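Chain order of the listed sequences is R and X. For what it's worth, the working numbering labels the leading residue of the first sequence as 1, then goes sequentially. For what it's worth, the working numbering labels the leading residue of the second sequence as 1, then goes sequentially.
Source of the hints: derived by calculation from the structure; they are not laboratory data. Note that this is a predicted model, so its numbers are computed, not measured. Idealized CB from N, CA, C, for every residue including glycine. Take the hints with a grain of salt, since some may be wrong.
Examples of chain R residues toward chain X, derived with CB under 8 Å [as the list claims (entries may be wrong)]:
1. Ser49
2. Asn67
3. Asp112
4. Thr190
Protein chains: 2
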Amino acid sequence: MRRGTSENKPNKATELLPEPTIRRLPWYLAYVSMLRSENIEYVSSTRISEELHVDSSQIAKDLSFINIKGKTRIGYEVASLEDALRSFLGFSQRHDAVMVGAGSLGAALMQDSGLQRYGLNIVAGIDTNPGLIGTEIAGIPVYGPEQLAPMVERLHITVGIIAVPVESAQTVADALIAAGVRALWNFTPTRIRVDNDDVVVTNTSIYSHLAVMYNRLSNLPDPTSR
Amino acid sequence: MRRGTSENKPNKATELLPEPTIRRLPWYLAYVSMLRSENIEYVSSTRISEELHVDSSQIAKDLSFINIKGKTRIGYEVASLEDALRSFLGFSQRHDAVMVGAGSLGAALMQDSGLQRYGLNIVAGIDTNPGLIGTEIAGIPVYGPEQLAPMVERLHITVGIIAVPVESAQTVADALIAAGVRALWNFTPTRIRVDNDDVVVTNTSIYSHLAVMYNRLSNLPDPTSR
Numbered sequence: 001m002r003r004g005t006s007e008n009k010p011n012k013a014t015e016l017l018p019e020p021t022i023r024r025l026p027w028y029l030a031y032v033s034m035l036r037s038e039n040i041e042y043v044s045s046t047r048i049s050e051e052l053h054v055d056s057s058q059i060a061k062d063l064s065f066i067n068i069k070g071k072t073r074i075g076y077e078v079a080s081l082e083d084a085l086r087s088f089l090g091f092s093q094r095h096d097a098v099m100v101g102a103g104s105l106g107a108a109l110m111q112d113s114g115l116q117r118y119g120l121n122i123v124a125g126i127d128t129n130p131g132l133i134g135t136e137i138a139g140i141p142v143y144g145p146e147q148l149a150p151m152v153e154r155l156h157i158t159v160g161i162i163a164v165p166v167e168s169a170q171t172v173a174d175a176l177i178a179a180g181v182r183a184l185w186n187f188t189p190t191r192i193r194v195d196n197d198d199v200v201v202t203n204t205s206i207y208s209h210l211a212v213m214y215n216r217l218s219n220l221p222d223p224t225s226r
Numbered sequence: 001m002r003r004g005t006s007e008n009k010p011n012k013a014t015e016l017l018p019e020p021t022i023r024r025l026p027w028y029l030a031y032v033s034m035l036r037s038e039n040i041e042y043v044s045s046t047r048i049s050e051e052l053h054v055d056s057s058q059i060a061k062d063l064s065f066i067n068i069k070g071k072t073r074i075g076y077e078v079a080s081l082e083d084a085l086r087s088f089l090g091f092s093q094r095h096d097a098v099m100v101g102a103g104s105l106g107a108a109l110m111q112d113s114g115l116q117r118y119g120l121n122i123v124a125g126i127d128t129n130p131g132l133i134g135t136e137i138a139g140i141p142v143y144g145p146e147q148l149a150p151m152v153e154r155l156h157i158t159v160g161i162i163a164v165p166v167e168s169a170q171t172v173a174d175a176l177i178a179a180g181v182r183a184l185w186n187f188t189p190t191r192i193r194v195d196n197d198d199v200v201v202t203n204t205s206i207y208s209h210l211a212v213m214y215n216r217l218s219n220l221p222d223p224t225s226r
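In isolation and in its complexed conformation, chain R is listed as follows:
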């Protein structure tokens, strides 16, 4: 994860949060969204704590970042908390993205309506496969690689999603940055080098998570020996 060495004073809403806090906030959001759909009006940090197994003082600390305070004895108002979390996390704002690599994983992500719900608007796919160029995936058009730069520039696309084979990942990253994206979301198992501090890199290495899972699995006691 990289960020600019910003010289402007960060405002409260966009303060650089500790990553563990940012990772917990979506848990709270998921839980309060559920409560809201059940028409529950208030929730205490104790209740959130029991449900999510996060210490209640930690919850209060995490939520203090978004300027939400609970009421004594009653707790947090569910609807306000949900709105505040969604907005704070950037999920209610639209972020335009291009998916580079519309093969298996790329196409899969283009079909996931969840990303749209969380504010990511994939406007186009880019692929080198002539069989894909000119088609649509989940209503999103797929173009050839020569369209990458002009499209990013013309549409002011902020996010470049990388779902290409490993050997092309770095070239694609360089092309996206040169075209002007401000964030790379890397789904390949490789590491991407970025020398520009003004570009954010987020890695979602699905296959690395698999490796962690397999390793933990192989360390479980053998069930047949019990």
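Given the coordinates of chain R, assemble chain X onto it according to the supplied hints.
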């Protein structure tokens, strides 16, 4: 991440590695796979270091876990290193899995042939939607929820993948554990509680990664002010 408090002495191959090491190993694998496809025979840790921006002493330390040693001046043999990494990471072994929730994200993952290449064999999908039950997604059959337990038991399925709406995530996790899976791979943004130390939980919260990315983005210096 949880694991059993194993009393058997861990053997070298399955030692509980530090998670940062496990997350770097797939980078090395991706890189050496690429070298191998280019018929390159040897690679030095210095070269890997330059390519991936990981300190070369760290690389040597990471690779020592898999009992691979480079030769002085020549470095690591690419083919052996690739095989050793793939096998060590569990990618050459088959792990049977069931996908619970064959909606947008679940179906997307079922269509991703990459998972198969990394050793994850999704044998079935489970969904409550009558329109999906009885169909196939990428050749994988989808069954109703009443098939979950008998299938996990009959086929000795190890991994339960959770891609259901948030409000059902915990119920599904409980059902999978009761049926006998040994690992849960949670794709929902919520936290799953597991009271059984013999079950591994891995979270791939795609939407949390989005939140981290949006937060970093909002902290970049404003490009229009430059």
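Looking back at the hints listed earlier, which ones does the structure fail to meet? 1, 2
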